[in-house]
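S.K.: With the hints as extra help, turn the sequences into a complete structure.
Sequence lines, in order, name chains A and B. Okay, so the first sequence: first residue is 1 according to our numbering, each after it adds one. Okay, so the second sequence: first residue is 1001 according to our numbering, each after it adds one.
The set of hints was computed from the structure by calculation and includes no laboratory data. Incorrect hints may have been included.
[Unchecked claim] Selected chain A positions facing chain B (Cβ under 7 Å, derived; list incomplete):
1. Ser67
2. Gly176
3. Leu177
4. Pro180
5. Ile183
6. Phe187
7. Ala189
Glycine residues also receive a C-beta, built at the ideal position from the N, C-alpha and C atoms.
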Amino acid sequence: MSWSPEIAMIAALVIPLIGGVFVGLLGKYPNLREGATLTAAVLLALNVAYLVSVTGQRPELIYEIGSTGLSFGLKLEPLGALFAAVASGLWIVNSLYSIGYMRGNKEKNQTRFFVFFTIAIACAMGVALSSNLLTMFLFYEALTLSTYPLVAHKGDDKARRGAAIYLAILLGTSIGLLLPAIIATQFIAGSTDFTVGGLLNGEASPMVASVLLVLFAFGIGKAALMPVHPWLPNAMVAPTPVSALLHAVAVVKAGVFAILKVSTYIFGPELIQSAPASNWLAWIAAISIVLASIIALSSNNLKRRLAFSTVSQLSYVTLGAMIASPLALLGAALQIVMHAWGKITLFMCAGAIYTATKKTEISDMRGLGRLMPWTFGAFAVGAFAIIGLPPFGGMWPKLFLMMGAATTGQLALIGALILSSILNVAYLLPIPGRGFFDPAPKEGLKKPTPMLAVLPPVITAAGVTVLFFLIGPLTEFLAPVFGVEL
Amino acid sequence: MEFLASLLPASLVTHAPAIIVVTPLMMAAVAAIMPNGRLGWAVTLISTIVSALLALAIIVDVQTGGVVSYAMGGWAPPAGIEFRIDGLNAVLLMVIGALGLLSVIYALPSVADEIEEKKQSLFYSAFLVCFAGLIGVAITGDAFNMFVFLEISSISTYVLVGMGASSDRRALTAAYNYLVLGTIGATFFVIGVGFLYMATGTLNMADMATRLPDLSDSRVVQAAFAFIIVGLGLKAAMFPLHLWLPNAYAYAPNFVTSFLASTATKVAFYTLVRFLFDVFWPEAPFVEVSFLWVFAILGIIGMIVASVQAVFQDDARRLLAFSSVGQVGYMMLGLGMGTAAGLSAGMLHLINHSMMKGALFMALGAFAIRFGIRRISDLNGFARSMPFTSVAFTIGGLSLVGVPMTVGFWSKWYLGVAALENGWWWAVAALILSSLIALAYVARMLAAIWVAEPHHDKAGAIAHARAPWLMLGPLWVLAIANVWFFFQPDFLISMANAAAEAAFSGGAR
Chain A
1 MSWSPEIAMI AALVIPLIGG VFVGLLGKYP NLREGATLTA AVLLALNVAY
51 LVSVTGQRPE LIYEIGSTGL SFGLKLEPLG ALFAAVASGL WIVNSLYSIG
101 YMRGNKEKNQ TRFFVFFTIA IACAMGVALS SNLLTMFLFY EALTLSTYPL
151 VAHKGDDKAR RGAAIYLAIL LGTSIGLLLP AIIATQFIAG STDFTVGGLL
201 NGEASPMVAS VLLVLFAFGI GKAALMPVHP WLPNAMVAPT PVSALLHAVA
251 VVKAGVFAIL KVSTYIFGPE LIQSAPASNW LAWIAAISIV LASIIALSSN
301 NLKRRLAFST VSQLSYVTLG AMIASPLALL GAALQIVMHA WGKITLFMCA
351 GAIYTATKKT EISDMRGLGR LMPWTFGAFA VGAFAIIGLP PFGGMWPKLF
401 LMMGAATTGQ LALIGALILS SILNVAYLLP IPGRGFFDPA PKEGLKKPTP
451 MLAVLPPVIT AAGVTVLFFL IGPLTEFLAP VFGVEL
Chain B
1001 MEFLASLLPA SLVTHAPAII VVTPLMMAAV AAIMPNGRLG WAVTLISTIV
1051 SALLALAIIV DVQTGGVVSY AMGGWAPPAG IEFRIDGLNA VLLMVIGALG
1101 LLSVIYALPS VADEIEEKKQ SLFYSAFLVC FAGLIGVAIT GDAFNMFVFL
1151 EISSISTYVL VGMGASSDRR ALTAAYNYLV LGTIGATFFV IGVGFLYMAT
1201 GTLNMADMAT RLPDLSDSRV VQAAFAFIIV GLGLKAAMFP LHLWLPNAYA
1251 YAPNFVTSFL ASTATKVAFY TLVRFLFDVF WPEAPFVEVS FLWVFAILGI
1301 IGMIVASVQA VFQDDARRLL AFSSVGQVGY MMLGLGMGTA AGLSAGMLHL
1351 INHSMMKGAL FMALGAFAIR FGIRRISDLN GFARSMPFTS VAFTIGGLSL
1401 VGVPMTVGFW SKWYLGVAAL ENGWWWAVAA LILSSLIALA YVARMLAAIW
1451 VAEPHHDKAG AIAHARAPWL MLGPLWVLAI ANVWFFFQPD FLISMANAAA
1501 EAAFSGGAR
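M.R.: Rendered as structure tokens:
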């Protein structure tokens, strides 16, 4: 039996789960347990790399449920492959980091933590590979449920309250808005398959499409479009590795990925542009971008600031999906990749600072850069990437989004993007700036930062720099989806 | 299935409709004189197995040959009593047969725990009478005979609920309330049947159906209709006629609750369908108006109000009982759509709900037998104390919400599709709202089981126990069925479609 694309798709779901079983079984031997996590992460990344290489074949696996007309299915296409690659690649780095962080902070219940982490990754793979809305919905919900124990990890009242809000908003929006939208799609189009050019294109009138678009945009609560964003800052009660991988990469990116996939394959650019709601939603996204940036600016807690920064940056993707010109969609897809690498760097740095100093407030971090040069250096690189400065990967999505908005004549949106970049500078750069240029605190570090908590952000910081130069292959990989010609 | 049915001798199969009712009735007498509970249970088990097998034979007959008609005592209908099984009541036979058998297997440890030893044989005897009554209601083709069976099952149910007094005295008032309201319902029903007899001069339902269309302007017939839907609505716990149900389910012995919750209201719902579609006819003005303004509207109000009430219960069984009232609302909504698609969705939900509620109540019974608990806060941390039961309970709970990968999803899916075909988007909105509320009350229980800190005994260890195999077995059969039929739904859907088709083709006409 040779390794085929179909088997590899199943393997992408199964490898993390098997890894999870081993993590659970080896719970009493922490080193072996972490070995299981890392092995699973590496195997998964290799497997996804293989999937990326065979994306051109568009393999699919469909299970028809009796004669009901519904089906579960996996299908590989460039967007999904890209998301899977980002999530699985960063999982390796994050696993290293989790080990350093969890041990450095002597967290309890580490086995449970690592088990649910593997389940969450499997769910993210499922979201990436789903061939229709029903399958995606299922993995989307499973992702919410499997991350609940991670968010509530500390188990105190504050963690439980945050986790309850997390669960209530994500489940409520998905069942109350997303599911009806899926049912309506099935009813109108007779299927929920992701179709090139748009399943509903030609089936639904612009008015119906508008209603559905609104349901999808707010129903996919993981995309954190205002006003359904409060789950994200509340989820920051979780240990930092969870915030880093799940709330900068897997969970939130599953949300915007779903938005992008729905707009590309369910509506199709033509239908979105003809639906009046897309214009309003683009404005809501633009308002989310600016407003969340302002809230980030006013937060003194580092993780909270990063969380609102994420809310803001996620809306870039929604914005691109609503502008729906080829360049804007490409920009949205690239934003998923670039923001993931940039933001995970920032979160891991925040966790490293916490591990070394137990400090969470930005005003307490003056001069720390002199004591932790690598961490703050990585933070600065991550911040540059989020702002969108060359030569860091974050520049491309902003450029493409602006060009996309320019081609459709929505110049005011460009203004919002520029304003957001200025705000990014204002809320991100002072942190490394004061870290390096203010005098170092007298008391010094409580203990040296664990190697495994510092190295990963440095790796990802290097990654965002490399990604700047990889834009050619990335665009080429995504070009067939959006029909972009550069 | 055909294979199992083919094992029965042909002569038995010919008389199956009679024997299936008579066996449990006669065995009830045998069970009553058994010296101890174990023997009583054995008699009950044998009798239920026989009935379940015969039910299977009849269902196979219906699926191959259409309508099965059996003249009681050789007296040809319409003069004699006719037992008549078509696609519609075949569903009920299946549900009663399967759930009856599973419940009886489950009963031995549960009853031994809850009922005093010397009353156990009598308890089983009462159960068999109830079982026979429910099957009788489901298969009879005679309106007055239906009343008789309805009372046979109801009166024995009052006894069964009252038996819960061994563990909780409140069962007595619950049974008494049920008796009063159930009798009112039965009275309304028999008055309606009397009016119909006055107007048509016949008691055979198929015969009535042929005569009633000429009498559609008759006040007597219209009054009969009103009496019958109120009477049967009460038995089916249609909102707002459900007041007897929460306490009856909450205080009856666990085995009785899981059996009743998965069969009794379903049978009453069936009788409503039978009368609306096959005795009266759906095009009649007074029937047509009742679809939207009685069944759909009350169904939706029930779906939402009873579900909200469920959220605020502290007693796990009362919570599920209120949920049952809400779930009856789903069936009523399907019925109220007045279309084949709607009725089929309602019947599908009838089958599915019997699986999920059966599993949930069985799991609660298993929790109760080991730890004697009933409040939701008592369930804290049970995932560690009784993991197998907890997982099965979780599957049932998710199915109740309608999560994909459980059979409950199809109920809501088809109800939603049928509603959209009618253009009833508000019904879809109500479905979703009610599912969200269901999520809230199920989440309360699941959060207690999975998330909350477990209770510790004095030594500080977590109490740990496994339910008896006889309870775990049926529980897991139902839990697996809840998942299995999501992936292989064709069988259930074809049953439900056949039921709707039979109802619409008018059984007789």
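S.K.: Now, for every hint given, state plainly whether the structure supports it.
M.R.: Against the structure, the hints:
1. Ser67: holds, 5 Å
2. Gly176: At about 6 Å, which falls below the 7 Å cut-off, the nearest Cβ of chain B leaves the hint on A:Gly176 intact, so it holds.
3. Leu177: violated, 9 Å
4. Pro180: Constraint on A:Pro180 satisfied, holds at 6 Å.
5. Ile183: Cβ of A:Ile183 sits 6 Å from chain B, so the hint holds.
6. Phe187: It holds, given that the least Cβ distance between A:Phe187 and chain B is near 5 Å, below 7 Å.
7. Ala189: This hint is violated: A:Ala189 lies away from chain B, its Cβ roughly 13 Å from the closest one there, beyond 7 Å.
In summary, the numbered hints that this structure violates are 3, 7.
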